[in-house]
Amino acid sequence: MICQECNQKPAALHFTKIINGEKTEVHLCEKCAQEKGEMFIFNGESGFAFNNLLAGLLNIDPTFQKPSQSPFHQEEILQCENCSMTFPQFLKIGRFGCAHCYETFKEQLKPVLRRLHSGNWTHNGKIPKRIGGGIHLRKQIEELKSELSESITREEFEKAAEIRDEIRALENKLANSQEGGE
Amino acid sequence: MSLERFLNQAVSSWMSEEGPDSDIVLSSRIRLARNFESYKFPTLFSHDEAKMIIANMEEVIAKSDLQRFGQMELLKIEEMQPLQKRVLVEKHLISPHLAEDSPYGAVLLTENEEVSIMINEEDHIRIQCLFPGLQLSEALDAANEIDDWLEDKIHFAFDEKHGYLTSCPTNVGTGLRASVMMHLPGLILTQQINRIIPAINQLGLVVRGIYGEGSEALGNIFQISNQITLGKSEEDIGRDLKGVVSQLISQERSAREALRKTSNIQLEDRVFRSLGVLSNSRIIESKEAARCLSDVRLGIDMGYIEKISKTILNELMILTQPGFLQQYAGGSLRPHERDIRRAALIRERLQMEQQK
Ligand SMILES: [Zn+2]
Ligand SMILES: [Zn+2]
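Going down the list, the protein sequences come from chains A and B. Residue 1 is where the first sequence starts when you use our numbering, and the numbers rise one by one after that. Residue 183 is where the second sequence starts when you use our numbering, and the numbers rise one by one after that.
Treat each hint with caution, since some may be false.
What the hints assert, rightly or not - The calculated lysine-lysine pairs, modelled on DSS-like cross-linking and capped at a C-alpha distance of 27 Å, are:
1. A/159 to A/173
2. A/129 to B/343
3. A/139 to B/335
4. B/343 to A/92
5. B/343 to B/245
Claimed, not checked - Partial pick of chain A residues on the chain B-facing surface, computed with a CB cut under 7 Å:
6. 98
7. 120
8. 124
Simulated from the structure, these hints should not be mistaken for laboratory data. Note that the Cβ used here is the ideal one computed from N, Cα and C, for glycine as well.
Turn these sequences into a full structure, and let the hints guide you.
The following block contains the structure:
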């Protein structure tokens, strides 16, 4: 077999990659593979590694071990109603089909996200402006609430009272903005 | 042809300009992944959806008012020659995935090539900003500005809990990948790198480099980027990466000083031998070229070599890749011919330095 990159040398390296759910065979000579590898390292992102990681998760994570049910029980397969992707399909290709998948698979996804993002599973960054202040406020309130419980455990009651007032103020603001907004 | 202009203007600003700490940090890159709310992700989308996305993006730039970044141009993958695509990949303006596996892909490029927006890659939109030297927050500001500008016209897939929704859950949340390319010959020569990389990994950062025999990475160049995109703010991700990079910079600087003290003449010898190879060889493989370029760059940074511009490493690492070599040759080249061309290009480029 000839290298598909230079069409000159015999192909020494063979691998398959999965693009849009379809398998493609890749055959390269050593030289082209090396040069291509250089290109991938600095430009690409490690999609392949992630698939392995998911496979690993399947074996390790108890969330994925089905509760022992009667062997005759027909397992209901969760499927995204927007794009028809199933969870096993997702695990196979490591990519979601559409934005709606996140909602559909949110329970299964949680342990996966925690594993991928050092224990994090909720967003804490930028918010599109169109979504407006509501979400910002709710986020702020959430943060303050955790601060509140922390200061209570530390018995800093004066500070806790301050935080509580702040939360109330924000909750009022949120209620007003939603009345006005809808 | 405007595409020709892009390609002929082979050297982008990040390759030829110097930035902060550019004796060690070659470039800083920010990437933001975004998707349209209403179309399926590229894994499953239909040809029609892909076309709609490109049409939407064309509309957005037609109404463009983003003066700061200058003229933008949209190039479609299906309309490009393999060599043209390859050159864009080698310049880090598009990913190999967009060039090879994204039939409905396109890219929006700004004139100075600081910004490239990939369309229909793994996600519908990937905004990339590439700056010389250590300029993570500058690159993040630029990326955010572009994101705001797009967001004004496009509803991005976003939910309160997961943030910006991406095709792959490794990118969800901020959709942000911040990365810095560093030249770390001192840490390699003093054999500290093997100890340092696992420590960096522990901090949730990824280190990439190409390893040949031993611990030598291709051109002693490493890319360090964040792994976590969810649960941290964009600013924190950038700041955490910058913190580690700053530490690496000072470790690299002290390694270089230690080398000067302990093995001055050996180092000088190594630098000038490599310069000799680059100035005289007639056949050179990419690996050897990278090693010699790294030595020469170190020699420039440490003052052994005086009359050669610092950016020669960035420039020649890019320009001696197969795509550029073939463009330079004006046609396709066999692997063996590339090594000859590579040697010729490097010799010519070094002669230019002597003439100025
Ligand atoms: Zn080949
Ligand atoms: Zn879906």
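So, going through the hints one by one against the coordinates:
Of the supplied pair hints, the one linking residue 159 of chain A and residue 173 of chain A holds, its CA atoms being roughly 21 Å apart against a limit of 27 Å. Between residue 129 of chain A and residue 343 of chain B the alpha-carbon distance is near 16 Å, which keeps this suggested pair within the 27 Å criterion. The suggested pairing of residue 139 of chain A with residue 335 of chain B holds, with an alpha-carbon distance near 25 Å, which does not exceed 27 Å. Between residue 343 of chain B and residue 92 of chain A, the direct Cα distance comes to roughly 24 Å. Compliance with the 27 Å bound is thereby established for this hinted pair.
As the CA atoms of residue 343 of chain B and residue 245 of chain B are separated by approximately 32 Å, the hinted pair breaks the 27 Å bound. Taking 7 Å as the C-beta cut-off, the interface hint given for residue 98 of chain A holds, the closest approach to chain B being about 4 Å. Hint status for residue 120 of chain A relative to chain B: holds, with the closest Cβ pair at about 2 Å, below 7 Å. Because the closest C-beta pair between residue 124 of chain A and chain B is about 5 Å apart, less than 7 Å, the hint holds.
The structure is inconsistent with hint 5 alone, although it conforms to all the rest.
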